[in-house]
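Novice: One letter stands for each residue in the lines below.
Number of protein chains: 2
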Amino acid sequence: MSDNELLKNSAPLPSVRRLPLYLTVLEEFEREGKEWISTTDFSEVLFLKPIQVRKDLAHTGIIGKPKKGFKVTELISTIYNFLGWNNLTEAFLVGAGALGSALLGYSGFQRHGLNIVAAFDVSVNVIGKSIHGKEILSIEKLPDLARRMHVRLGIITVPAARAQEAADCLVSAGISGIWNFSPSKLHVPPNVVVQREDLSSGLAVLSVKLGRFD
Amino acid sequence: MSDNELLKNSAPLPSVRRLPLYLTVLEEFEREGKEWISTTDFSEVLFLKPIQVRKDLAHTGIIGKPKKGFKVTELISTIYNFLGWNNLTEAFLVGAGALGSALLGYSGFQRHGLNIVAAFDVSVNVIGKSIHGKEILSIEKLPDLARRMHVRLGIITVPAARAQEAADCLVSAGISGIWNFSPSKLHVPPNVVVQREDLSSGLAVLSVKLGRFD
DNA sequence: TAGATTGTTAATCGATTAACAATC
DNA sequence: TAGATTGTTAATCGATTAACAATC
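Protein chains in written order, with my numbering: chain U, 1 to 214; chain L, 1 to 214.
Just so you know, the hints here were simulated from the structure itself, not pulled from any lab data.
Be careful, since some hints might not be right.
Calculated cross-link-like contacts (lysine-lysine; reagent style DSS-like; alpha-carbon spacing at most 27 Å) [claimed, not checked]: (1) K185(L) / K49(U); (2) K49(L) / K67(L); (3) K134(U) / K134(L); (4) K134(L) / K129(U); (5) K34(U) / K185(L); (6) K185(L) / K55(U); (7) K71(L) / K34(L); (8) K67(L) / K34(L); (9) K185(L) / K67(U); (10) K141(U) / K185(U); (11) K185(U) / K55(L); (12) K129(U) / K129(L); (13) K71(L) / K185(U); (14) K68(L) / K185(U).
Whenever a hint applies, use it, and build me the whole structure from the sequences.
Specialist: Listed below in structure tokens is the structure:
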């Protein structure tokens with residue numbers, strides 16, 4: 001019944017979430033021309049305990065050198081490899097509103113192995129228009145195009161009320177993963193992976209933390 | 001040394017993150033005119049275990065009725081209360097790029113107690129322009145305005161390299177919380193709360209889950 | 001009443017942290 | 001060599017789940 005039923009035997013998800021954080025530090029070190037980085041280096045910048053960094057990095061399979069740490073370039077490519085960010089995954093985006101447009105315009109995804117190849121909407125007001133150089137297509141064309149282009153990933157940025165509908169469309173198009181930016185819980189078959197990216201969860205945490213100071 | 005040092009004695013953060021999810025179900029029930037909702041109702045829609053829902057709701061302090069569950073309207077207002085979403089927090093947004101514009105255009109924040117009252121940028125290309133009806137001001141005006149308007153919250157949507165600078169500016173303006181959409185770790189004094197909302201963390205999780213199916 | 005659902009106390013599970021020997 | 005840092009094994013901590021009596 002759990003979301004993670006098929007996902008055993010890998011790094012703990014909290015560790016996976018921290019890996020991109022390590023990448024930002026690593027890239028900084030690389031720019032500065034440093035060859036080695038230790039877990040204490042990480043811990044000082046990120047306010048984490050060195051032992052936690054060591055455990056996290058161990059999950060990627062990298063092996064360090066006592067007294068030195070890890071080779072910066074090697075660790076970067078190991079993490080990229082671990083995350084599968086060295087080969088591009090092509091994605092369709094559904095919902096070309098404010099948030100969808102923002103994601104279309106975010107250039108950083110390319111470096112993270114994500115390539116949004118097309119965007120779709122239901123509204124005649126945006127269909128045919130172009131946002132950040134990408135043409136918005138009618139949602140009706142999605143299933144056919146997805147199969148022809150072998151697109152594996154769908155990004156949902158429609159309002160909550162339309163999210164399930166968008167998910168159904170993507171599933172019927174044979175997609176294998178969904179990045180869901182709507183606050184809705186999606187019902188999909190067990191072979192489809194869903195990652196919820198819900199701003200309201202983050203805002204809830206922030207609100208509670210802030211409230212503690214009143 | 002931990003981020004949560006000052007934040008003891010409240011609901012566990014994973015529970016807090018789930019509360020907005022319950023709200024979407026509750027609002028659906030309310031629209032349908034239902035008076036009562038049980039933890040099994042929640043669990044069926046959200047694929048959670050009833051016991052987890054019960055534990056989560058207990059943290060808000062609400063008391064249910066055996067055999068009936070919880071009063072829909074009462075539970076909604078209890079959660080809103082718990083999150084502090086019934087009175088508006090005013091916020092400044094720093095960085096009027098693609099993501100910043102999207103957040104400026106997101107009408108859902110009002111319902112979640114968040115009111116973005118002004119946006120700031122460093123670029124002369126956007127200063128003076130208006131996005132979704134909100135004028136973009138020069139970052140130089142931020143400290144003075146923040147103090148005069150008693151703004152408590154800052155939202156950072158600048159590129160990683162400018163994030164610390166933006167945080168310093170907000171901190172010097174007396175802000176007490178930061179919602180950080182950049183991938184950088186921010187260094188702030190202990191009385192300032194930071195909530196990181198990092199897309200790359202979510203993408204990392206999604207990538208690992210997807211990779212598991214290859 | 002009978003039975004569904006609550007609230008509470010205890011058991012389990014998984015992630016974080018500690019301790020320490022191995023190593024360069 | 002001496003000491004910093006690694007990798008590993010064990011202890012702790014906190015969240016999830018189970019069990020069950022209380023209740024309407």
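Novice: Now look at each hint and say whether the structure bears it out.
Specialist: Going down the list of hints, with the structure as the test:
| no. | hint | in the structure |
| --- | --- | --- |
| 1 | K185(L) / K49(U) | holds (15 Å) |
| 2 | K49(L) / K67(L) | holds (17 Å) |
| 3 | K134(U) / K134(L) | holds (26 Å) |
| 4 | K134(L) / K129(U) | holds (24 Å) |
| 5 | K34(U) / K185(L) | holds (20 Å) |
| 6 | K185(L) / K55(U) | holds (20 Å) |
| 7 | K71(L) / K34(L) | holds (9 Å) |
| 8 | K67(L) / K34(L) | holds (15 Å) |
| 9 | K185(L) / K67(U) | holds (26 Å) |
| 10 | K141(U) / K185(U) | holds (25 Å) |
| 11 | K185(U) / K55(L) | holds (20 Å) |
| 12 | K129(U) / K129(L) | holds (23 Å) |
| 13 | K71(L) / K185(U) | holds (22 Å) |
| 14 | K68(L) / K185(U) | holds (24 Å) |
Every hint from the earlier list agrees with this structure, and none is contradicted.
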